[in-house]
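Asks: Chain by chain, the residues run as shown.
There are 2 protein chains.
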Amino acid sequence: MSVLVVGSVALDSVETPFGKAEEVLGGSATMFASSACHFGPVQLVGVVGSDYPMAKLEPLRARGVDLAGLEQAEGESFRWRARYRHDLNSAETLETRLGVFSHFRPQIPEAFRNAPYVFLGNIDPRLQRDVLRQVARPKLVACDTMNFWIESRRADLLDLLGHVDLITLNDAEARQLTEEANLVKAARWIMARGPKHVVIKKGEHGAFLFSGESIFFAPAYPLESIFDPTGAGDSFAGGFIGWLAATDDLSEANMRRAVVYGSAMGSFAVEAFSNERTIALTLPEIDRRVAEFRQLVAFETVLDAVPTNGGGAVGART
Amino acid sequence: MSVLVVGSVALDSVETPFGKAEEVLGGSATMFASSACHFGPVQLVGVVGSDYPMAKLEPLRARGVDLAGLEQAEGESFRWRARYRHDLNSAETLETRLGVFSHFRPQIPEAFRNAPYVFLGNIDPRLQRDVLRQVARPKLVACDTMNFWIESRRADLLDLLGHVDLITLNDAEARQLTEEANLVKAARWIMARGPKHVVIKKGEHGAFLFSGESIFFAPAYPLESIFDPTGAGDSFAGGFIGWLAATDDLSEANMRRAVVYGSAMGSFAVEAFSNERTIALTLPEIDRRVAEFRQLVAFETVLDAVPTNGGGAVGART
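Chains A and B, in that order, give the protein sequences. For the first sequence, the UniProt record's numbering puts the final residue at 318, and the numbers step up evenly by one. For the second sequence, the UniProt record's numbering puts the final residue at 318, and the numbers step up evenly by one.
Mixed in with the good hints there might be a few duds.
Just so you know, same-sequence chains aren't split out, so a pair can sit in one copy or run between any two.
Unchecked claim - Restricting the straight-line Cα-Cα distance to at most 20 Å, the calculated cross-link-like pairs of lysine to aspartate or glutamate (DMTMM-like) are: (1) LYS196 <-> ASP171; (2) LYS202 <-> GLU224; (3) LYS202 <-> GLU92; (4) LYS185 <-> ASP87; (5) LYS56 <-> GLU76; (6) LYS185 <-> GLU292; (7) LYS185 <-> GLU224; (8) LYS196 <-> GLU224; (9) LYS185 <-> GLU271; (10) LYS139 <-> GLU110; (11) LYS139 <-> ASP249; (12) LYS202 <-> ASP87; (13) LYS196 <-> ASP248; (14) LYS56 <-> GLU23; (15) LYS139 <-> ASP165; (16) LYS202 <-> ASP171.
Because the hints were derived from the structure by calculation, they are not lab data. Note that the structure is a prediction, hence the values are computed from the model and not measured.
Excised from the complex, chain A in its bound form (with noise of 0.2 Å):
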């Protein structure tokens, strides 16, 4: 089944304490195409400007990604410049161009409006509720958003929850948006608006799936080098939604696979600028690191040993 991914295709200059890139390829709907198309198909929906270097979306096409939907507009293209310190934990912004990007209104081709699977990438929730005017009835619909318009579009944000089906947003957010400290009471507070599911990434501290009284939680992959966290977000999204597009299986058991396949393809993003390492992988490169995590968290308790005398801790005892 394909994705259709409406985001933001921008240029990022980036530094990290382990280098420094320029110019390279940026924004949500790029880095989770770069994810979501080692998993099937996907359709692009973003606008650049006249000076986007479109050779840099070529290894996008070669693997599958429909450009088909990203407009190439009169002026500059998004820039975003960044800097991280040493705990990588936050970027310091040094300069936002939102270019032709300011006047983005996505026009989703006819071909792309019977997508099955839907991700509206961080944009004015006005226009991601209007991508949805535009589409046949998905199955699936996933929204992202971020502190920006969770400030200044409020009430534009709680209306687009009543029609999308999953959020995912990171753990200050969902703080920010509900109110909330505690991030279980502030899954409960966006359900009960709309999402029957809330994906709460926390960074290198994993991410956990709500979905009505069930919460599954994936760690995040315990590398030894963080290289960039750039797009890390949107290439988690990439793995989930591709996962879940790929085997059109919306069951509970199936939706905790894709966090650990969004975990997974977060993990590669981290270990190189830009979509340079998601990218390039291969589907082996993917499931060995699908195994990795499992092995991360995998434990028998007595109870499953001794799945007859009722009880581990009893069992240990006597």
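Given chain A, work out where chain B should sit, using these hints.
Replies: The following block gives chain B in isolation, referenced to the frame of chain A:
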């Protein structure tokens, strides 16, 4: 098998956004013992002043904690007064009065010297080392520490590392001790200096167990309300070492289980002040929470479902 714990026995006065507790049971040895006692016999070594309300320790004795090593010395007991802000992430110490604890010289009673499992609570590393001179070679020696000792007794702490099998410390302490921001590298640094196992506690973000090349991660249980974080780390250690001693099995599979029992006990500890919740637990309650932990991280990959075709993501595409 019995567990010997050496550490502080204090009176805590704690204020959280949810309430206030005055002169309740506190200290690393107390919190550890209140948790470990559910798994088997515990032998406690510590000191209190002549003003200590000994009746408060009666529930521990009733649950199998041998207090023969608890010295009552002339003078004031160790008192700690602290406040937590709304995020509950770090205690603001308002007052520390060491009292008789400042002259604590652990004397291990003859009857405790063959304890096969030893936990050296967070005290001066020179005293921790001295305890090891008084006991027959145990099957497992674990120690805890804190920022204060890392700063003021670094050489002694490094010496101690050569004599313990396992150390528990939180992420900030691991970074401080090793001067490594990355926790995987920090754990390797510590293991290179003696301990075969390193447990890095990340509070609400879970805990890592490093053993040689293997890494295990257990999330913190996502509670809807955290009442008082005091003693969570020692309660974790009590569940962890308590489980190992009860099962007398140091295999990697069992160490992983032990981390989960530790996490379960830590999650109970924060639901009430002091040891109120942990000491009153029943084994079925503990087993139930362990089962919930299992549910929290449980996922099956397609690799599990289709073990013969050699690939999850590949399988999904075909």
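Asks: Go through the numbered hints given earlier and state which of them the structure violates, listing their numbers in rising order.
Replies: none
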